[in-house]
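Asks: For reference, the chains in residue letters:
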Amino acid sequence: EAQVTQNPRYLITVTGKKLTVTCSQNMNHEYMSWYRQDPGLGLRQIYYSMNVEVTDKGDVPEGYKVSRKEKRNFPLILESPSPNQTSLYFCASGNFDSPLHFGNGTRLTVT
Amino acid sequence: AQKVTQAQTEISVVEKEDVTLDCVYETRDTTYYLFWYKQPPSGELVFLIRRNSFDEQNEISGRYSWNFQKSTSSFNFTITASQVVDSAVYFCALERNTGNQFYFGTGTSLTVIP
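If you read the sequences in order, they're chains A and B.
Heads up: the first sequence at position 18 corresponds to 76 in our numbering, and the numbers run straight through without jumps.
Heads up: the second sequence at position 106 corresponds to 397 in our numbering, and the numbers run straight through without jumps.
No wet-lab data here; the hints were simulated from the structure.
Note that the structure is predicted; figures quoted are calculated from it, not measured.
Mixed in with the good hints there might be a few duds.
As the list claims (entries may be wrong) - What follows is a set of in silico ranges between Cβ atoms, one per label pair, in the way DEER data are often shown: (1) A:N109 / B:Q348: 28 to 34 Å; (2) B:A292 / A:N109: 32 to 38 Å; (3) A:D117 / B:A298: 17 to 23 Å; (4) B:Y355 / A:Q61: 22 to 28 Å; (5) B:Q348 / A:Y68: 41 to 47 Å; (6) A:S140 / B:E306: 42 to 48 Å; (7) A:V112 / B:E306: 46 to 52 Å; (8) A:E137 / B:I351: 47 to 53 Å.
Glycine included, each C-beta is placed from N, C-alpha and C at the ideal position.
In isolation and in its complexed conformation, chain A is listed as follows (with noise of 0.2 Å):
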């Protein structure tokens, strides 16, 4: 089945203590992305990888970090939490020409 998959689902976390969200798609698609999700202010684009070793910033990439390493996998890296991290992160990927493929979400609660 073609899905993006991201793990976990729910985290909850400390201010400053690293965490990793993981995010992979099984449908060779060669763009990646991460939104989040918070009220009011919809989805927020945080980085976004056209290809493998490329990635760029979106809108609000302050605090958040990525890498793609393999075409699959795109994870977003907190290196240092903070509680205005709280929110609903999606990752998303496509290609060129086709609609974005969302995973089902990830709720992080930073305390």
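Start from chain A and add chain B according to the hints.
Replies: Frame of chain A; chain B shown alone:
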């Protein structure tokens, strides 16, 4: 700069009523793509439609229809004979021609009352 505006934050309708969700966008790109996604209470994002800027034909898919008007920079979504299962948050989005940047509206929360 790119921007997508969904001015309707929340809408409530009674089942079987028709409802239109508004989407207004801003871009200076001549080629771009517009989307609608549905987010049901379970939280996942479900793709509904993708339309490129050169195709202004209205589209109908079952009870769903979309009206794209470049003259007013709008891409409105109508649900005919709404059902309780239509209750969700709906997002309108714009994709730049570069294919790497997407801009979402803030969403419209639709509640269909039985």
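Asks: Confirm or reject each hint.
Replies: Status of the hints after comparison with the structure:
no.	hint	in the structure
1	A:N109 / B:Q348: 28 to 34 Å	33 Å, holds
2	B:A292 / A:N109: 32 to 38 Å	26 Å, violated
3	A:D117 / B:A298: 17 to 23 Å	21 Å, holds
4	B:Y355 / A:Q61: 22 to 28 Å	24 Å, holds
5	B:Q348 / A:Y68: 41 to 47 Å	42 Å, holds
6	A:S140 / B:E306: 42 to 48 Å	43 Å, holds
7	A:V112 / B:E306: 46 to 52 Å	48 Å, holds
8	A:E137 / B:I351: 47 to 53 Å	48 Å, holds
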